[in-house]
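Student: Letter by letter, the chains look like this.
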Amino acid sequence: NAGVTQTPKFQVLKTGQSMTLQCAQDMNHEYMSWYRQDPGMGLRLIHYSVGAGITDQGEVPNGYNVSRSTTEDFPLRLLSAAPSQTSVYFCASRSGAGGEKLFFGSGTQLSVL
Amino acid sequence: DQQVKQNSPSLSVQEGRISILNCDYTNSMFDYFLWYKKYPAEGPTFLISISSIKDKNEDGRFTVFLNKSAKHLSLHIVPSQPGDSAVYFCYGQGGSEKLVFGKGMKLTVNP
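Chains as they are written, first to last, in our numbering: chain A, 1 to 113; chain B, 114 to 224.
Treat the hints as calculated values from the structure; they're not laboratory data.
These numbers were taken from a predicted model, which means no experiment stands behind them.
Hints are not guaranteed to be accurate.
As the list claims (entries may be wrong) - Derived pair list, reagent style DSBU-like, types lysine-lysine, alpha-carbon separation capped at 35 Å:
(1) B:K150 / A:K9
(2) B:K184 / B:K167
(3) A:K101 / B:K167
(4) B:K211 / A:K14
(5) A:K101 / B:K184
(6) B:K118 / A:K9
(7) B:K150 / B:K211
(8) A:K9 / B:K219
(9) B:K150 / B:K167
(10) A:K9 / B:K181
(11) B:K167 / A:K9
(12) B:K118 / B:K184
(13) A:K101 / B:K150
(14) A:K101 / B:K219
(15) A:K14 / B:K216
(16) A:K14 / B:K150
(17) A:K101 / B:K181
(18) B:K181 / B:K211
(19) B:K211 / A:K9
(20) B:K219 / B:K184
(21) A:K101 / B:K169
(22) A:K14 / B:K184
(23) B:K216 / B:K150
(24) A:K101 / B:K211
(25) B:K118 / A:K101
(26) B:K118 / B:K216
Stated by the list, open to error - Have a look at the derived ranges for each label pair, beta carbon to beta carbon:
(27) A:D26 / B:A154: 33 to 43 Å
(28) A:T15 / B:K167: 44 to 54 Å
(29) B:Q127 / A:L113: 27 to 37 Å
Where is the CB? At the ideal position from N, CA and C, for every residue including glycine.
Go ahead and model the full structure; you've got the sequences and the hints to work with.
Tutor: Structure, rendered in structure tokens:
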């Protein structure tokens with residue numbers, strides 16, 4: 001049972017480069033989200049989706065794009081990477097029911113030079 | 114506007130003693146509260162939750178208390194073990210799909 005799968009695990013980018021962080025879940029969860037974790041800042045919500053075709057902004061959406069074409073996948077795109085986007089990124093999903101817990105991926109460590 | 118706050122960034126306790134982690138919230142629409150535990154280089158994992166209709170939920174060594182009038186919840190770990198050393202996050206659900214976490218508290222349990 002794979003759960004939430006994130007790729008890649010590590011990535012180094014140069015300023016201005018673009019890339020996509022992949023996230024896939026096999027639990028048929030309607031809700032998916034992206035967080036970034038920075039020292040002293042906790043987990044901050046970037047974008048989230050309540051179902052295919054529906055996305056919304058979280059606390060820190062600037063510099064990131066998302067789309068949700070399928071229930072399983074929720075990629076996070078950095079169009080022009082900046083050093084401030086150096087962080088650990090986590091994807092999470094849960095079923096649509098209230099009170100259901102979030103399941104997290106193992107994270108992507110991104111460094112922007 | 115951070116709706117969930119963990120005001121203490123760290124806590125250090127001796128093995129066998131009680132650890133108490135606190136979380137304050139501002140949103141009265143929350144109907145569930147969840148605690149997560151995170152080890153370095155791993156994703157957060159679910160620990161325990163509580164519905165807003167309850168004031169206590171217990172699971173083994175872990176107990177979460179909810180005080181709705183004070184908008185405060187706490188996680189008690191008794192007895193604390195070195196393997197409990199991790200960062201703990203809380204968040205609230207309800208009224209919005211925007212699931213916002215507190216900043217986390219680093220717990221260190223010393224042998």
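Student: A separate judgement is required for each hint: does it hold in the structure or not?
Tutor: Hints and how they fare:
This hinted pair checks out: K150 of chain B and K9 of chain A have alpha carbons roughly 20 Å apart, not beyond 35 Å. A hinted pair counts as satisfied when its Cα atoms are at most 35 Å apart, and K184 of chain B with K167 of chain B qualifies at roughly 13 Å. As the CA atoms of K101 of chain A and K167 of chain B are separated by approximately 17 Å, the hinted pair is consistent with the 35 Å bound. Proposed proximity of K211 of chain B and K14 of chain A is supported: the alpha carbons are some 31 Å apart, at most 35 Å.
Proposed proximity of K101 of chain A and K184 of chain B is supported: the alpha carbons are some 21 Å apart, at most 35 Å. In summary, the hint linking K118 of chain B to K9 of chain A is supported, as the alpha carbons are separated by about 29 Å, within the 35 Å threshold. A hinted pair counts as satisfied when its Cα atoms are at most 35 Å apart, and K150 of chain B with K211 of chain B qualifies at roughly 20 Å. Proximity of K9 of chain A to K219 of chain B is assessed by CA-CA distance (about 23 Å); at most 35 Å being required, the pair is judged to hold.
For the proposed pair K150 of chain B and K167 of chain B, the alpha carbon gap of about 22 Å is at most 35 Å, so the pair holds. Under the criterion of a C-alpha separation no larger than 35 Å, the hint pairing K9 of chain A with K181 of chain B is inconsistent with the structure, at around 40 Å. Taking the CA atoms of K167 of chain B and K9 of chain A, the gap is near 39 Å; set against the 35 Å cutoff, the hint is violated. With a C-alpha separation of about 11 Å, the suggested pairing of K118 of chain B with K184 of chain B holds against the 35 Å cut-off.
With a C-alpha separation of about 13 Å, the suggested pairing of K101 of chain A with K150 of chain B holds against the 35 Å cut-off. Between K101 of chain A and K219 of chain B, the direct Cα distance comes to roughly 21 Å. Compliance with the 35 Å bound is thereby established for this hinted pair. Distance check on the hinted pair: K14 of chain A and K216 of chain B sit about 28 Å apart at the alpha-carbon level, within 35 Å; holds. A C-alpha spacing of about 32 Å is found between K14 of chain A and K150 of chain B, which places the hinted pair at or below 35 Å, so the restraint holds.
Of the supplied pair hints, the one linking K101 of chain A and K181 of chain B holds, its CA atoms being roughly 21 Å apart against a limit of 35 Å. The straight-line distance between the Cα atoms of K181 of chain B and K211 of chain B is roughly 21 Å, inside the 35 Å bound, and the hint therefore holds. Of the supplied pair hints, the one linking K211 of chain B and K9 of chain A holds, its CA atoms being roughly 25 Å apart against a limit of 35 Å. A C-alpha spacing of about 22 Å is found between K219 of chain B and K184 of chain B, which places the hinted pair at or below 35 Å, so the restraint holds.
A hinted pair counts as satisfied when its Cα atoms are at most 35 Å apart, and K101 of chain A with K169 of chain B qualifies at roughly 18 Å. Using a Cα cut-off of 35 Å, the hinted pair K14 of chain A and K184 of chain B is violated, with the two alpha carbons roughly 44 Å apart. For a cut-off of 35 Å, the pair hint linking K216 of chain B to K150 of chain B stands: about 12 Å separates their Cα positions. For a cut-off of 35 Å, the pair hint linking K101 of chain A to K211 of chain B stands: about 14 Å separates their Cα positions.
For the proposed pair K118 of chain B and K101 of chain A, the alpha carbon gap of about 19 Å is at most 35 Å, so the pair holds. For the given pair, K118 of chain B sits about 7 Å from K216 of chain B by alpha-carbon distance, which is consistent with the 35 Å threshold. Hint check: D26 of chain A to A154 of chain B, Cβ distance near 23 Å, so the stated range 33 to 43 Å is violated. Between T15 of chain A and K167 of chain B, the C-beta spacing of about 49 Å keeps the proposed range 44 to 54 Å intact.
Under the hint 27 to 37 Å, the C-beta atoms of Q127 of chain B and L113 of chain A, about 42 Å apart, miss the expected range.
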